[in-house]
Amino acid sequence: MSDRDLQDILRKLKSSRDYADIPSLLSKAKINLLKLKALTPTPSTPSSTLLLAREVFETGALLSIRAKDPAAFTRYVHQLTPFYELPSSRLPPTGSEKNKITGLYLLLLLTQGDYAGFHTELEGLELREGRVGDVEKDRYLGYPIKLERWLMEGSYDLVWKAMASREVPSEEYGVFSEILTSQIRSEIASCSETAYPSLPISSTKDLLFLDSEGAVVSFAQNRGWLIKDGRIYFPKQSLKANVDEEGNEKQELSAMAIENTLGYARELETIV
Amino acid sequence: MPSKTPHTNGNEPLENGVNGTKDVEMKDDAPAPLKGGKGKKLNEKEEEMTVVVPPSKGSKLSAPPLKDTDGDVAMDGPEDLNDEDAGAVKIDPVAKAVSDIKSNFPLLERAVTMFDARFSLRALRSISAIRKRLTPDILAQVITETYPSTNPAARSLLVAVDRENATFTKPVSAEMEIDGDSKSKSPKKEQKDIIPEIEIFLGILTQIYYLDNKINGKGADFSAHLAERIHSENRRTLDALSARVYFYYSLFCEQMAPLPPSTSSPVVSIRPALLSALRTAVLRKDIDTQSTVIVLLLRNYLSTSHIAQADLLVTHTQFPEDASNNQVARYLYYVGRIRAIQLRYTEAHEHLTSATRKAPSSPSAAGFTQTATKLLLVVQLLMGDIPDRAIFRLTSMERPLAPYLELVQAVRVGQLGEFEHAIKQHGDTFRRDGTYTLILRLRQNVIKTGIRMMSLSYSRISLRDICIRLKLESEESAEYIVAKAIRDGVIEASLDRERGFMKSKEVGDVYATREPGEAFHDRIRACLALHDESVMAMRFPMNQHRLELKNAQEAREREREMAKEIQDGDLDEDDLGGEFEGM
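Heads up: the protein sequence lines correspond to chains A and B, in order.
Using UniProt numbering, read the first sequence as starting at 1 and increasing by one per residue.
Using UniProt numbering, read the second sequence as starting at 1 and increasing by one per residue.
Be aware that a few hints might be false.
As the list claims (entries may be wrong) - Pairs of lysine-lysine, DSS-like flavour, derived with a Cα cap of 30 Å:
| hint | chain 1 | residue 1 | chain 2 | residue 2 |
| --- | --- | --- | --- | --- |
| 1 | A | 137 | B | 424 |
| 2 | A | 68 | A | 28 |
| 3 | A | 250 | B | 505 |
| 4 | B | 132 | B | 218 |
| 5 | B | 503 | A | 161 |
| 6 | B | 102 | B | 218 |
| 7 | A | 146 | B | 358 |
| 8 | B | 358 | B | 132 |
| 9 | B | 503 | A | 250 |
| 10 | A | 35 | A | 98 |
| 11 | A | 228 | A | 68 |
| 12 | A | 146 | B | 471 |
| 13 | B | 503 | B | 471 |
| 14 | A | 161 | B | 471 |
| 15 | B | 218 | A | 205 |
| 16 | A | 205 | B | 503 |
| 17 | A | 98 | A | 30 |
| 18 | A | 205 | A | 146 |
| 19 | B | 505 | A | 228 |
| 20 | B | 424 | B | 471 |
| 21 | B | 218 | B | 96 |
| 22 | A | 205 | B | 505 |
| 23 | B | 132 | B | 102 |
| 24 | A | 98 | B | 424 |
| 25 | A | 228 | B | 96 |
| 26 | B | 214 | B | 285 |
| 27 | B | 471 | A | 137 |
| 28 | A | 161 | B | 424 |
| 29 | B | 102 | B | 214 |
| 30 | A | 98 | A | 28 |
| 31 | B | 96 | B | 214 |
| 32 | A | 68 | A | 98 |
| 33 | A | 137 | A | 98 |
| 34 | B | 132 | B | 96 |
| 35 | A | 161 | A | 68 |
FYI, nobody ran anything at the bench for these hints, they're computed from the structure.
Small disclaimer: the values here were computed from a predicted structure and weren't measured.
Sequences are here, hints too, so could you generate the full structure?
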């Protein structure tokens, strides 16, 4: 009977477009699961319940992404992991949103700058899927993987294009675009500071993927750049810093040399 | 008839002990406690065995008469028997194997009495020699000859080797004679309680037999039993053996039906067992088992690529410092692997370097060295270093490392095309080695190297040219990539957006930086660490230091005397000199 309750709730969840009552529905579903002892899969849980449980968590995960709640999403992902690891004889993979959710999770890790976590997850995927090259070709999984590669390389224009165009595999992925855009922009800005002596405002607009020159000006002011005669000059913090650093460096260098030499002397003494 | 023989046998030892040669004494002694009664059955069994094992038929045929002589004529003439036995030993591989196995028992006993694990290790080391000759019959024979029939342990071992109905015999005959010397001390007592070490040792042999014959399912069950048995014994002298038991246990699980990468593999199901073994081992300060089980767990997690769990295990356990060298090497390799996946390349590099250095240099460990070296190469590349060319020239490495050589060459020159070609061509090899995902990450390094090469060779180069050389998708990408490289400090250059070129700055003098100092420091540190490690690795015999202290004291005294003498001598010399001068 609980099974049926659960199905009802699920149906309501899916049809509901009102974000307000979703949390209550979800928690009701989870209480039901708890009663069925299906919050985590045990060897005795029947397949049908497992299926329902997975569906509840998946809906929950997707909804929490839409509600922009990364913490809740991460929780759902962790709850889903044991379900995804079940053999297909116990829980048929059909109808599962596994790739979509894993892809979203990867993207989340990416936007959080957790590259170690990203690669850890990816390593697991490649190995466990067992199918060669499938991971990259998958629509949902390939997207974050490609983005990561471009980000690491520095091909920001490709990232930008991928986010702007229709390549985004589903609407949930769009949520991250905003975060990624601002991330890229600040990356580019910090690159430009060191790479260019000066930039004309008009081309900065393209460089930073901003809409108008006004936006460029306000962005430049935010970062503390100087604007003169239609060009942006980057305050030569770097130069000043260099001089300063060099002074420091010299001191540091001699301190290090002294320390090292003393260390060698001590070690030599213990050996001889 | 048979009922009579034991009596004679039982009485005999005394006499023999008085007048017999050692060999004979042993031969006759041993049977007594094991209760006779079965003298005949032994023969039956022996004949049965000849049927089971055709190859040894010839040799077997020579064996039965020998047994007969034992039963009936035993007391006649030792010489006679000896000759026959010697003959039997020469021809009979079964007997040889049995005797080889048995020759380890005294070692195990010594390990218990002297409480020195080195003897158990020596026994374990001999396994590889016995391994090829193991058959259930040999095992059964050893078991029946070692244990009295009432022993439950022996029963279960026999069931394990599928020879339940093998009859217990008195260990008469050649085998006993060979290891007779060491056992002759107290044969009677020894037979009364056979130390559990021997049982476990036989268990390990059984495991190996299963493993070599790919009877994995049964092997896993048997191993589980064995592990339980060890757990209940709680003897420190079992440590080395129990480590081995767990090792084979997990090997069985690895080879069972759904192979590791799938999450339903039996590998997953032994994790609780291993974890509890680890807990017990830690509580009992059982270093052998602890180190082995940690390594096994890491291997286990990595085989299903549960890297997060493996990482947690590493952070929450402490690997025993004085674990055996091989386990340390394995542990370092696995930790290095985890760190490489987590992008912590410096740590990975450190671990993998020491793993390759610690790896035993014997040819049997070549596989480990190769795997560790492969991973190390990739990590080095990821760190932006170019591995030493000499590594690829070693004879043991040349072939397996060939794909990696191509890769390194591509990365070194910064040719994206060659790099992708290498990946495409050797993708399967890399996947098999588990380095594929790591290698994919190299792409950015290749690009960076390419940019660096260009910035070194041109003082000014257009973005279009960069784009073409690196085979990038667009000039815009090239611009961003170069900008990033400048920010990351890969190159010293600046960009001109309007005219679209990259202008390199003058390269500074490397020797004016701290780099040479750092390199020097690194090397010295490595040398010092090596020195410390070798000092720590030295083994000192017990109580030897007292002797040395005494010696030292003597030496010091002697020195003092000498100093005194010299002082005196000096004075003399001075005096002499003075005199001389005076003269």
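Each hint tested on the structure:
1. A:137 / B:424: Roughly 16 Å separates the two Cα atoms, so the pair holds.
2. A:68 / A:28: holds, 21 Å
3. A:250 / B:505: holds, 22 Å
4. B:132 / B:218: holds, 20 Å
5. B:503 / A:161: Holds, at roughly 28 Å.
6. B:102 / B:218: holds, 25 Å
7. A:146 / B:358: violated, 38 Å
8. B:358 / B:132: holds, 28 Å
9. B:503 / A:250: holds, 28 Å
10. A:35 / A:98: holds, 25 Å
11. A:228 / A:68: violated, 40 Å
12. A:146 / B:471: holds, 17 Å
13. B:503 / B:471: holds, 20 Å
14. A:161 / B:471: It holds: about 19 Å lies between the C-alpha atoms, which stays within 30 Å.
15. B:218 / A:205: Distance of about 70 Å is beyond 30 Å: violated.
16. A:205 / B:503: holds, 23 Å
17. A:98 / A:30: Satisfied, since the Cα-Cα distance of roughly 19 Å is no more than 30 Å.
18. A:205 / A:146: The given pair, whose Cα atoms are some 25 Å apart, holds under the 30 Å limit.
19. B:505 / A:228: Given pair residue 505 of chain B, residue 228 of chain A holds - Cα atoms ~25 Å apart, limit 30 Å.
20. B:424 / B:471: Holds. Residue 424 of chain B to residue 471 of chain B sits at ~16 Å (cutoff 30 Å).
21. B:218 / B:96: holds, 27 Å
22. A:205 / B:505: holds, 27 Å
23. B:132 / B:102: holds, 16 Å
24. A:98 / B:424: holds, 28 Å
25. A:228 / B:96: This hinted pair is violated, its Cα atoms lying about 95 Å apart.
26. B:214 / B:285: Not satisfied, since the Cα-Cα distance of roughly 33 Å exceeds 30 Å.
27. B:471 / A:137: holds, 22 Å
28. A:161 / B:424: holds, 27 Å
29. B:102 / B:214: Judged against 30 Å, a Cα distance of about 25 Å means the pair holds.
30. A:98 / A:28: holds, 23 Å
31. B:96 / B:214: holds, 24 Å
32. A:68 / A:98: Distance of about 19 Å is within 30 Å: holds.
33. A:137 / A:98: holds, 15 Å
34. B:132 / B:96: holds, 12 Å
35. A:161 / A:68: Judged against 30 Å, a Cα distance of about 23 Å means the pair holds.
Checked against the numbered hints above, the structure breaks hints 7, 11, 15, 25, 26 and satisfies the rest.
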